[in-house]
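*Asks:* Turn these sequences into a full structure, and let the hints guide you.
There are 2 protein chains.
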Amino acid sequence: MVSDSPQKRIGVGVLGCGNVGSALIALLQERQTAIAQRTGLKLDVVRVAVRNAARDRSVALADGVLTADAAAVVNDPRVDIVVELIGGIEPARELVSNALELGKPVVTGNKELLANYGAELFAAADAAQVDLLFEAAVGGGIPLIRPLSESLAAEPVRRVMGIVNGTTNYILSQMTEHGTSYQDALADAQSLGYAEQDPTADVEGFDAASKASIIATVAFGARVPAGSVYREGISSVGPADIAFARRLGYAIKLLAIAERVGHIGGQPELAVRVHPAMVPADHPLAAVRDSFNAVFIEGDAVGELMLYGRGAGGRPTASAVLGDLIDAAGNWGRGTWTPIGDRGEAVICSIDDLESEFYINMEVLDRPGVLAAVAGVFGRHGVSIRSMEQEGLGDQARLVFITHEAAERDVQATLGDLRELDSVRGVPALLRVVSR
Amino acid sequence: MVSDSPQKRIGVGVLGCGNVGSALIALLQERQTAIAQRTGLKLDVVRVAVRNAARDRSVALADGVLTADAAAVVNDPRVDIVVELIGGIEPARELVSNALELGKPVVTGNKELLANYGAELFAAADAAQVDLLFEAAVGGGIPLIRPLSESLAAEPVRRVMGIVNGTTNYILSQMTEHGTSYQDALADAQSLGYAEQDPTADVEGFDAASKASIIATVAFGARVPAGSVYREGISSVGPADIAFARRLGYAIKLLAIAERVGHIGGQPELAVRVHPAMVPADHPLAAVRDSFNAVFIEGDAVGELMLYGRGAGGRPTASAVLGDLIDAAGNWGRGTWTPIGDRGEAVICSIDDLESEFYINMEVLDRPGVLAAVAGVFGRHGVSIRSMEQEGLGDQARLVFITHEAAERDVQATLGDLRELDSVRGVPALLRVVSR
Chain X
151 MVSDSPQKRI GVGVLGCGNV GSALIALLQE RQTAIAQRTG LKLDVVRVAV RNAARDRSVA
211 LADGVLTADA AAVVNDPRVD IVVELIGGIE PARELVSNAL ELGKPVVTGN KELLANYGAE
271 LFAAADAAQV DLLFEAAVGG GIPLIRPLSE SLAAEPVRRV MGIVNGTTNY ILSQMTEHGT
331 SYQDALADAQ SLGYAEQDPT ADVEGFDAAS KASIIATVAF GARVPAGSVY REGISSVGPA
391 DIAFARRLGY AIKLLAIAER VGHIGGQPEL AVRVHPAMVP ADHPLAAVRD SFNAVFIEGD
451 AVGELMLYGR GAGGRPTASA VLGDLIDAAG NWGRGTWTPI GDRGEAVICS IDDLESEFYI
511 NMEVLDRPGV LAAVAGVFGR HGVSIRSMEQ EGLGDQARLV FITHEAAERD VQATLGDLRE
571 LDSVRGVPAL LRVVSR
Chain E
151 MVSDSPQKRI GVGVLGCGNV GSALIALLQE RQTAIAQRTG LKLDVVRVAV RNAARDRSVA
211 LADGVLTADA AAVVNDPRVD IVVELIGGIE PARELVSNAL ELGKPVVTGN KELLANYGAE
271 LFAAADAAQV DLLFEAAVGG GIPLIRPLSE SLAAEPVRRV MGIVNGTTNY ILSQMTEHGT
331 SYQDALADAQ SLGYAEQDPT ADVEGFDAAS KASIIATVAF GARVPAGSVY REGISSVGPA
391 DIAFARRLGY AIKLLAIAER VGHIGGQPEL AVRVHPAMVP ADHPLAAVRD SFNAVFIEGD
451 AVGELMLYGR GAGGRPTASA VLGDLIDAAG NWGRGTWTPI GDRGEAVICS IDDLESEFYI
511 NMEVLDRPGV LAAVAGVFGR HGVSIRSMEQ EGLGDQARLV FITHEAAERD VQATLGDLRE
571 LDSVRGVPAL LRVVSR
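Chains as they are written, first to last, in our numbering: chain X, 151 to 586; chain E, 151 to 586.
No lab work stands behind these hints, which were simulated from the structure alone.
Keep in mind the model is a prediction, meaning the values are calculated, not measured.
Wrong hints could be hidden among the right ones.
With the Cβ distance kept under 7 Å, some of the chain E side facing chain X (calculated, not the full set) [what the hints assert, rightly or not]:
| no. | residue |
| --- | --- |
| 1 | 297 |
| 2 | 458 |
| 3 | 466 |
| 4 | 476 |
| 5 | 484 |
What follows is a list of derived Cβ distance ranges for each label pair [what the hints assert, rightly or not]:
| no. | chain 1 | residue 1 | chain 2 | residue 2 | range |
| --- | --- | --- | --- | --- | --- |
| 6 | X | 194 | E | 495 | 28 to 38 Å |
| 7 | E | 525 | X | 543 | 54 to 64 Å |
| 8 | X | 342 | E | 399 | 22 to 32 Å |
| 9 | X | 559 | E | 238 | 54 to 64 Å |
| 10 | E | 238 | X | 430 | 38 to 48 Å |
| 11 | E | 555 | X | 430 | 34 to 44 Å |
| 12 | X | 416 | E | 205 | 33 to 43 Å |
| 13 | X | 386 | E | 157 | 47 to 57 Å |
Far from chain E, by Cβ distances over 10 Å, these chain X residues were calculated [stated by the list, open to error]:
| no. | residue |
| --- | --- |
| 14 | 168 |
| 15 | 252 |
| 16 | 545 |
Every residue gets a Cβ at the ideal spot worked out from N, C-alpha and C, and that includes glycine.
*Replies:* What follows is the structure, given as structure tokens:
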């Protein structure tokens, strides 16, 4: 038994003691003996930085462990490994940088930090020859970063498509399964604690875009800054779109998509975007319901993979942090680390150059000749129509189109011209259709 | 860029050049530059052992690389890492042992070897302080071993349920979706190359039982020898069972299940078994179709996870082998390894002591009083009935029961007594119902 060999004591400093931090500390207390038996490592939480050290916590900590001084935790010589769970850019960035400079491995769940300052922090970790692990930053408890960076280290990944935001998946699932309106589903998500009072980061796709940047960087081995991710949210998706999608054999999901479209000068050319999309009903992603997350990976050799689970929540996310912490502690104990490697910046393909099928739902005047005028605009831009349905009468009249594969630029130009037509009252939804 | 740093050349010896071996060699050739750029490792296949060195291969290898002498590959001083893809017990066991004794890391995809000699080989790897990696042994290209052993290293796993045999999942999917008979679906699988001419290892659950042994050992950190896995195949599942299951809201799947039922003397008490089971239609495993595999993990902290993908095939499996090979090569280059640790043997709970709901389909004589007699037998053994349906008339008369939770031992005793009744012509199917 490993438990017979001398145990290595490793001091852990935790920055932030919210949902994930307190779940992590509780898990470490529950599992300390089992971890020591299995790995020979005794993980001791020696300092925990919180905003307000006087507040009551759900976890029991010895006197002197809690402090409001995060820098003191990083600098404490008893702290061997730093776990950063503060979130946001500052002071997280400075604290993580300082820990790495001091030669302390860092485990973080901070997607915003990595999406915006990943390159600088990866370089700092490699320079210091210590681990910087971040499984919890994308997909909560789902093992995703490790499979992508290790199991698929040499896999020629073609495309990664993820449902990486539980709030929006919950809202879209409610709309699909119960015919709920967007506003009601959002209010529901807020009352369940899935959505913030200001839901912008979730529903407008900012959270998913940060995760898309990290997924793309790891899957394709080339840096994708958060700012280069195209982003659209779900607030314009209406019950009519959900109903049409269903009837046509699709589910509407907010997807983070990172795709290899070519190579330029030794670097992959990537298209990375977040937008609502029509997913074929028999695609594994279509069955991902409620607030679950899943990431679907297509590789040249491995074929199709999907990793599914709880993308958020204190305990699932803490489980991912703990996996990283044990890995980092094991490496630290053996005097080694896993290099990340400078990846160079990916070449980003503009969404204008991408091709896909499109779903377009427009409100029109209910009078003769409208279809001819609308079809004429599609034709002028070379966008060919696969199917059309007219729905409703009078004020409710709509035309719903699915196009054949067309370039985004041509479809956007088509929409621009359509909006100029007197007979078109509005184009409430444009959705891209996922190809298999 | 990592590519600017000096590359470390690593000699790879491959034992076996069938489907997976030749796919691995082709992948290594395609990806050598990309791997070197990303990891700084130049992986060179220096020797390949085959049964017949004169036969034509689909891969191009330099003169002198192919040999029929597998021991010579292991012993070759230019071979730093050994990849074992021969399968079966001998000579694989001896070759892997010898490689480890020589201090050479080993990557293997050999489920039979690990299920039967895992303990001995894990100890040899730890004694030699080198890696023994086996991602490809379960689930083909699906990252499974790494997530279980690393990401979930400290996760209190409650239950793992896997569809780990593609042949049987293909057969059951055909029966479910097209109403095909078992024999026709099997013949179909054979003509597609999914099933062997002698399909026993697949359809009787031997293949899945080896994988269950490995999954349980990794997930629970305690040895589960292959011989302690309870095993039933799918050859007794008929179209009537599939149809009943569907009507009742279930899909029939061959599951490998490893479950923690308690702790005895510091070791987990586990129930590990392979049998066809009724899976609720809205469970993620029910949607795993065709020859795909998936493993569903339930943990105390992480909640529900599912890992889905291609469980077999040359290129998917080679992709998993390559992930391990890069990991082992990186560790070897840095002079380190990932210890497995002696896990002690798990305490195995007999299937007789397990409780679940049961589906029982029996052929009965079509005459009054039969139900009373049958129900009396259930009652005598304390097995309570949740639902009953009578189907068919005359020679086709059947009773189909779903029980409440009951102990396997009591249900088996019930069946024994039922078979003695004059009015019962046969009990063709007993299926366990998966609880959520």
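*Asks:* Each hint needs a verdict: does it hold in this structure or not?
*Replies:* Evaluation of the provided hints:
no.: 1; hint: 297; verdict: holds (4 Å)
no.: 2; hint: 458; verdict: holds (4 Å)
no.: 3; hint: 466; verdict: holds (5 Å)
no.: 4; hint: 476; verdict: holds (5 Å)
no.: 5; hint: 484; verdict: holds (5 Å)
no.: 6; hint: X/194 to E/495: 28 to 38 Å; verdict: holds (30 Å)
no.: 7; hint: E/525 to X/543: 54 to 64 Å; verdict: holds (59 Å)
no.: 8; hint: X/342 to E/399: 22 to 32 Å; verdict: holds (26 Å)
no.: 9; hint: X/559 to E/238: 54 to 64 Å; verdict: holds (57 Å)
no.: 10; hint: E/238 to X/430: 38 to 48 Å; verdict: holds (41 Å)
no.: 11; hint: E/555 to X/430: 34 to 44 Å; verdict: holds (38 Å)
no.: 12; hint: X/416 to E/205: 33 to 43 Å; verdict: holds (38 Å)
no.: 13; hint: X/386 to E/157: 47 to 57 Å; verdict: holds (50 Å)
no.: 14; hint: 168; verdict: holds (16 Å)
no.: 15; hint: 252; verdict: holds (22 Å)
no.: 16; hint: 545; verdict: holds (39 Å)
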